[in-house]
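Enquirer: Chains A and B, in that order, are what the protein sequence lines are.
Under the numbering used here, the residues of the first sequence are numbered 1 to 404, in order.
Under the numbering used here, the residues of the second sequence are numbered 1 to 140, in order.
It is worth saying that the hints were derived from the structure and are not from the lab.
The reader is advised that the hints may include incorrect statements.
[To be verified] Restricting the straight-line Cα-Cα distance to at most 30 Å, the calculated cross-link-like pairs of lysine-lysine (DSBU-like) are:
1) B:Lys-129 to A:Lys-397
2) A:Lys-318 to B:Lys-32
3) B:Lys-106 to A:Lys-400
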Amino acid sequence: MLNIQNIRNDFPILSREVNGKPLVYFDNAATSQTPQIVIDAIVDYYSNYNANIHRGVHTLSQEATDAYEQARQKVQAHFNAKYAHEIILTSGTTHSINLIANGFSAFIKKGDEIIVSALEHHSNIVPWQMLCERTGGILKVIPMNQEGELVMDTFDTLLSNKTKLVFVNHVSNALGTVNPIETIIKKAHQVGAAVLIDGAQACPHIKPDVQALDVDFYVASAHKLCGPTGVGMLYGKEEWLNKLPPYQGGGEMIAEVSFEKTTYAGLPHKFEAGTPNICGGIAFGVALDYMNSIGFDNIATYENELLEYGTEKLLEIKGLKIYGVSEHKTAVISFNLEGIHPYDVGSIVDKLGIAVRTGHHCAQPIMDFYSIPGTVRASFSFYNTKAEIDALVEAVKKAKMMLS
Amino acid sequence: MTIQEIQNDIVDEFSMFEDWMQRYEYMIELGKTLPLIADEHKIEENIIKGCQSKVWVYAQMDAGNVAFTADSDAIITKGIIAILLRVFSNQSPQDIIDANTDFIDKIGLKEHLSPTRANGLVSMIKQIKMYAIAYQTQLN
């Protein structure tokens, strides 16, 4: 059992007011809030050992390097990667995806196929379109059904020896659907395709084991895991990372440079050009420690309670429809009031101190599928409470009254 | 009335509301009464795309002044459009080009001005001024 009040006390922002009301923060799928211990780590870094890493012989540089590499090991341990050098610290999920999409240009030739899912958001679609434009590759899409689940029968028919890469998110940002990635990985490997899983929306709720999954690439962002913005991770199997060409040139990714020939550094530095987000990386490690101290099993159990409670309470409002009703989903409720635009609902509930996301969640294909302009999305975290859900329900009722 | 006079009137009207709820209720009412844009003008090229809702704006010249019609799929946005149209419609192109829009902040809707929350409000004003510039060029 989690002591939610104690947990809430770890997050200074949760005690602030918005528009004269206590803040209710239900936009966790966009970014999670930051506990004091992570804020302290950021302050400590800049107050005590701010220095560039990997190249200074001086003490500060050594301390910063140690802390940064320790953070990499924490990420390795969290995702159960075999080696620390299989963890590339990036600026976030989008950067990680672009790194792979760019590197795969070397492996995709005209007519080769890349499979993505209908549940992706824009940053997971565009890099693959760009890759296909560069290489003559073909993008195929696994469709979804009304419940917001991938149609796996169609996935089977899309797979062939032309398939070079399968890209699917672990959890859908717009609907919260947990995709059957174990099956996807297994089937893709049977035709010799590599698999990249976007874990940005899964990692706040699920602790993935990349070795057990046997996944080729797995990516995530720190800021959805109680860490700072501007930092994220890319896991890649060692053999793949060795094969992929470097993404950007400069800084730590270089072994030797002459004007005739440059040789690249080994993993992970080959993919970490320039001065990284040192402070962010260190704070990422602290955030993982924090979340692990709460425990992902506890988090999943409690968030599921919130999801069930929220679903039940919101559905009591007449004319409210929830989009994405997969059996396997994380604590995300995407909904609309009949005949009312999500933007209008979002504007009213914001005035009541409640932060929800409205719009198409950068996942326009999903909204087109349902023929809606967008949804109101309430996404819960382990620091949220049932009382906050009650406040949301009241606010939605008020919005409905004002807007009908 | 000049654009400035209309803006002053609107600021006066809104100052009578005691809280945000009354302001929003008023805007929702305004949204419901907004004369809709003709269907033939509700087309892709007249659309202003924001992250949040769709807005259509159409302009034509009427006796030396620019007349605007508009619509949105969100009612609060429609209310804001109704206010903008009251300010800018049937004014001369030069007056529209020269007008300031700080009344939006003064009536307590500043949050609708931020680039992302704007829902196209900033783009809407920009579009209105673009129409005015186009017509002004024709007059010259």
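Enquirer: For each hint given before, does the structure comply? Return the numbers of the non-compliant ones in rising order.
Expert: 1
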